[in-house]
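A.B. asks: So the protein sequences, as listed, match chains A and B.
When we follow this note's numbering, the leftmost residue of the first sequence carries the number 1, and every step to the right adds one.
When we follow this note's numbering, the leftmost residue of the second sequence carries the number 1, and every step to the right adds one.
Please keep in mind that the hints were generated in silico from the structure rather than gathered at the bench.
Be aware that a few hints might be false.
To be verified - Now the in silico label distances, taken between C-beta atoms and shown as ranges: (1) B:K13 <-> A:D39: 22 to 28 Å; (2) B:P61 <-> A:N22: 31 to 37 Å; (3) A:N12 <-> B:P70: 45 to 51 Å; (4) A:G58 <-> B:A2: 22 to 28 Å; (5) A:D39 <-> B:L11: 20 to 26 Å; (6) A:S52 <-> B:Q17: 46 to 52 Å; (7) B:P61 <-> A:K2: 19 to 25 Å; (8) A:S81 <-> B:R57: 33 to 39 Å.
Computed from a prediction, not measured in an experiment: that's the story for all the values here.
For each residue, glycine too, the CB sits at the ideal point set by N, CA and C.
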Amino acid sequence: RKEVEQDPGPFNVPEGATVAFNCTYSNSASQSFFWYRQDCRKEPKLLMSVYSSGNEDGRFTAQLNRASQYISLLIRDSKLSDSATYLCVVNVPLTGGFKTIFGAGTRLFVKA
Amino acid sequence: DAGVTQSPTHLIKTRGQHVTLRCSPISGHKSVSWYQQVLGQGPQFIFQYYEKEERGRGNFPDRFSARQFPNYSSELNVNALLLGDSALYLCASSLELLSGQGVETQYFGPGTRLLVL
Chain A
1 RKEVEQDPGP FNVPEGATVA FNCTYSNSAS QSFFWYRQDC RKEPKLLMSV
51 YSSGNEDGRF TAQLNRASQY ISLLIRDSKL SDSATYLCVV NVPLTGGFKT
101 IFGAGTRLFV KA
Chain B
1 DAGVTQSPTH LIKTRGQHVT LRCSPISGHK SVSWYQQVLG QGPQFIFQYY
51 EKEERGRGNF PDRFSARQFP NYSSELNVNA LLLGDSALYL CASSLELLSG
101 QGVETQYFGP GTRLLVL
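All chains should be modelled from the sequences, with the hints used to inform the complete structure.
C.D. replies: What follows is the structure, given as structure tokens:
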């Protein structure tokens, strides 16, 4: 079983649609959680951190359920510019540091 | 402020050669991590360094090594290159290693594309 699993995608949605990304992680010791966005042939860019209380940034809402070891990202009113790969990221503590584990990513295509 | 920088941007090597990739973190960031990303996959964790010490290592062979310098910049070395080492190598920096306070959030450089022929 992969340490971080995401929907395989791709997702093809029209502009204005609401799209949800799901992610599960296997290590219950995981401490911090993030969503990154990666455009084609570019580096990952931080989209948002994910907190247990849930957090929202404009059209983006992230949720964390520690009991279920589940993370989600909701994009409302999707734009053409939201087309990218969305990466679920988990930090697992190590002695003196941490290990960052990425999911394989879910590709999103938003079409006009 | 400058973000994370990496050099070179692209590199072509042949099997058996070695390569050195370089990374400069965001000013004030003390931790640097290295990742390998092959096409269609998420980045895979290679190393984490903090204050010049290795603090984490992923499942990569001993051909991969790294170090961090007093100015917090870092090098990733790969010896005896294989075709399968062809990938995008990403460096990320974070302010600190403390978890849960935001200071561990990582910011990525543009990467080095390595092609092994």
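A.B. asks: All hints, please: hold or fail.
C.D. replies: Checked hints:
1. Range check, K13 of chain B to D39 of chain A: Cβ separation about 26 Å, and the 22 to 28 Å hint holds.
2. In this structure the supplied range 31 to 37 Å holds for P61 of chain B paired with N22 of chain A, their Cβ-Cβ distance being about 33 Å.
3. Checked against the given bound of 45 to 51 Å, the beta carbons of N12 of chain A and P70 of chain B, roughly 49 Å apart, stay inside it.
4. About 27 Å separates the C-beta atoms of G58 of chain A and A2 of chain B, a value consistent with the hinted range of 22 to 28 Å.
5. For D39 of chain A and L11 of chain B, the hinted distance range of 20 to 26 Å is satisfied, since their beta carbons lie about 22 Å from each other.
6. Checked against the given bound of 46 to 52 Å, the beta carbons of S52 of chain A and Q17 of chain B, roughly 47 Å apart, stay inside it.
7. Taking the beta carbon of each, P61 of chain B and K2 of chain A are about 21 Å apart, inside 19 to 25 Å as hinted.
8. Under the hint 33 to 39 Å, the C-beta atoms of S81 of chain A and R57 of chain B, about 37 Å apart, fit the expected range.
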